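Q: Take a look at the letters that make up each chain.
There are 2 protein chains.
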Amino acid sequence: MKLQSLLTEAGTHIVLVVMDGLGGFADAEYDTELEEANTPNLDQLAAEGIVGLVQPVAPGITPGSGPGHLALFGYDPTEYELGRGILSATGVEFDLRAGDVAARGNLALLDDGGNVSDRRAGRIADDAAQAIVDALNAQVEVDGVEVFFRHIASHRVLVVLRGEGLDPRVADLDPQRTGVPPKDPQPLDPAAQRTADVLRTLDKAVRAVLSDHPADALLLRGFDTLHELPSFADLYGLRAATVAIYPMYRGVAKVCGMDTLPRPSGLDEQVAAMREHWNDYDYFFLHHKKPDEAGHDGDRPGKIAGIEALDAVVPDIVALEPDVLVVSGDHSSPTQMSAHSWHPVPTIMWGPLVGRDNVTTFGERACAQGALGQRPTRELMPLMLAAAGRLAKYGA
Amino acid sequence: MKLQSLLTEAGTHIVLVVMDGLGGFADAEYDTELEEANTPNLDQLAAEGIVGLVQPVAPGITPGSGPGHLALFGYDPTEYELGRGILSATGVEFDLRAGDVAARGNLALLDDGGNVSDRRAGRIADDAAQAIVDALNAQVEVDGVEVFFRHIASHRVLVVLRGEGLDPRVADLDPQRTGVPPKDPQPLDPAAQRTADVLRTLDKAVRAVLSDHPADALLLRGFDTLHELPSFADLYGLRAATVAIYPMYRGVAKVCGMDTLPRPSGLDEQVAAMREHWNDYDYFFLHHKKPDEAGHDGDRPGKIAGIEALDAVVPDIVALEPDVLVVSGDHSSPTQMSAHSWHPVPTIMWGPLVGRDNVTTFGERACAQGALGQRPTRELMPLMLAAAGRLAKYGA
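Order-wise, the sequence lines are chains A and B. Following numbering that gives the first Met the number 0, the numbering of the first sequence begins with 0 at its first residue and continues without gaps. Following numbering that gives the first Met the number 0, the numbering of the second sequence begins with 0 at its first residue and continues without gaps.
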């Protein structure tokens, strides 16, 4: 059964709020961050809607941000994979073309023996890194291939190769640890031999330029090429837009065919952008980064504060009168682990046709009791479409 | 997405405790056996971890011990089947080799017309049956094939054929009812024609020997050959061992590539064996038979006592400091039914990274409220690997 065959027109609005890294776990010492957070507005949504726990990829699997978001958008994240290069390219709104090979690069320091001593070049400042990127764009030349460098943030750089016969099946050059040299480019398929050779030449040219700058090497990883994903318009008949702030999440949205509204500076501007464009779109994706950032840092008060900041704008979102509002996360980021994790993600679904369960607070243990149950994240999308009146009856 | 591609090294320990036939159901008269049992230590695990109900094969399907254990080990029990012959062979620790064809045999009585009159030879006593097996091993000869007979219990005998070009695709010779003759060997595939011919010769030779004994025929069924299952080492990167006592469970573990530690005599020795070999393995499988035995007998107090016996050693298992401890069962065996059943199996998952839910006791109805939810048994394995820090992140 194809969802497309059931799509029906409706002048309704769906809002997806993603708190990045939302989930956590309780232990002998603490409740979860979400359980401890003071969230009167989210609790009210929970009381008026249904809650559950969702699993982005599969039981026990810790998702990266790409698979976590694809699942929220209704895609099977084991079927559609997005390399880091592609996410970085879309993230800085680089106009990637078919056949381009993109990679994520880290500006790094090497010691006298040529081994990596700092994978982030001392977390180089944005202006110093931008100067390096400008120099690379001006001075690096590789025969038969166009090379583009774009600064992402701090030590993070996007590299794009454009030319005939390039192939992304090349192993990462970034060894992902210190004390060892950058890896020599190795094709993972014979067809990628020329791309590996190009990368070897590129690496030399880059190092020559860097000799005048506060970085020694550019460690590349996540080679990928643009895969066409079916779009939100084709899959769901939705005019969709994102008010995400961070490039990577704007990028994932764009790959799925969403419009990217002018970049807001914070939660209030994100909600304001939705309000301003409310009648231009059927679906809005709001991304809130703070819980994941604090989760990575093991910063429990920070994660709690990040959740509470989102809670504070819930009344403004509700005031837009969405027909379906979902609050969820792309994965869990427990502060006990300072990392992403496999724990399922607490989720609220709210709207006039959604129904209610007996749960009246938003938290992991409360969600384990909810009527949304435990289910794969990507099942949220058809449920949202249904509650927005956008799916016709199946069968007579 | 293959789990193998995410495996990562970790010096962590996983313990799986299987209470055979653990689950039951409540009725107008009684709580379940587990609910009535006094289990302070299991209750503490439940309070400190998460609980749920697991389903070994599929909704409504009553599992045999083979599929029940394969699911606990993370295999799809509808994809990997272990024939009765193979389970019988591993069960008596017969050293089955690649290419051997094994079958289960019943010593049976025939009437004057050659029809089966008793499929169990009057539930022949063990010593009489052992004498028959000895005579068969001494006297039965078939050209070009080695034949091995092993006594299992009462009328049950293992038969193994060893030789070139044997094929297990032969229909059962056991008609599984009385009043009809044993079936003539029929190949289910042309490649098994020779094996069918061998079995016809074997049947004559067996009957000739039996003419001096209190049985008339050996009814064979469940022809199978040793299938190589992917091993725990290959699938999960785990050094795995079992401290099971009963041959059949040691056999299933062995088929999955686990080491079988010297046979313990009871629960205390099982835990002691884990303690002794703690640093030699990453994964231990402890099997506890008593709840299922009592379940088969409809012995409610016996099943309760069996559960309480396991509860008593929980502190010794916890003292080993496993990173993940799961307590579950291979299937349910309600004493009301004196048989295996399809009812889902109550399960605890416990460990520092597992998290907690609101459930504080171990029982079927408590588990229905737990954060582990209701899920296929085989999902436990990736969750255990995750909580043991053995799965890397999926995607960027």
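Any given hint could be a false lead.
Note that identical chains are pooled: a pair holds if it fits in a single copy or bridges any two copies.
Said to hold, decoys possible - List time: in silico PhoX-like cross-link candidates among lysine-lysine, alpha-carbon distance up to 25 angstroms:
#, residue 1, residue 2
1, 203, 182
2, 1, 288
3, 392, 288
4, 288, 182
5, 1, 392
6, 253, 203
7, 392, 182
8, 203, 392
9, 182, 253
10, 1, 203
11, 253, 392
Just so you know, these hints were derived from the structure itself, not from any lab. Since this is a predicted model, take the numbers as computed values, not measurements.
Q: Confirm or reject each hint.
A: Status of the hints after comparison with the structure:
Taking the shortest Cα distances, residue 203 and residue 182 sit within 25 angstroms of each other inside one copy (13 angstroms), while across copies they are farther apart (69 angstroms). In this assembly of identical chains, residue 1 and residue 288 lie within 25 angstroms of each other by CA distance neither inside one copy nor across copies; the values are 33 angstroms within and 29 angstroms between. Taking identical chains as interchangeable, the C-alpha atoms of residue 392 and residue 288 lie at most 25 angstroms apart only when they sit on different chains, with a minimum of 19 angstroms there against 37 angstroms within one chain. Taking the closest pair of Cα atoms, residue 288 and residue 182 never come within 25 angstroms of each other, the shortest separation being 32 angstroms inside a single copy and 53 angstroms across copies.
Proximity of residue 1 to residue 392 under the C-alpha cut-off of 25 angstroms is restricted to the intra-copy arrangement: shortest distance 12 angstroms within a copy versus 31 angstroms between copies. Taking CA atoms no more than 25 angstroms apart as the test, residue 253 paired with residue 203 passes in neither setting, with 33 angstroms inside one copy and 53 angstroms between copies. For the identical chains of this complex, residue 392 and residue 182 are inter-copy neighbours only, at 22 angstroms across copies versus 56 angstroms inside a copy, given an alpha-carbon limit of 25 angstroms. Taking CA atoms no more than 25 angstroms apart as the test, residue 203 paired with residue 392 passes in neither setting, with 61 angstroms inside one copy and 32 angstroms between copies.
Taking the shortest Cα distances, residue 182 and residue 253 never come within 25 angstroms of each other, neither inside one copy (32 angstroms) nor across copies (41 angstroms). For a Cα distance limit of 25 angstroms, the shortest separation of residue 1 from residue 203 qualifies neither inside one copy, at 50 angstroms, nor across copies, at 36 angstroms. For a Cα distance limit of 25 angstroms, the shortest separation of residue 253 from residue 392 across copies, 23 angstroms, qualifies, whereas the shortest one inside one copy, 30 angstroms, does not.
In this structure, the hints that do not hold are numbers 2, 4, 6, 8, 9, 10, in rising order.
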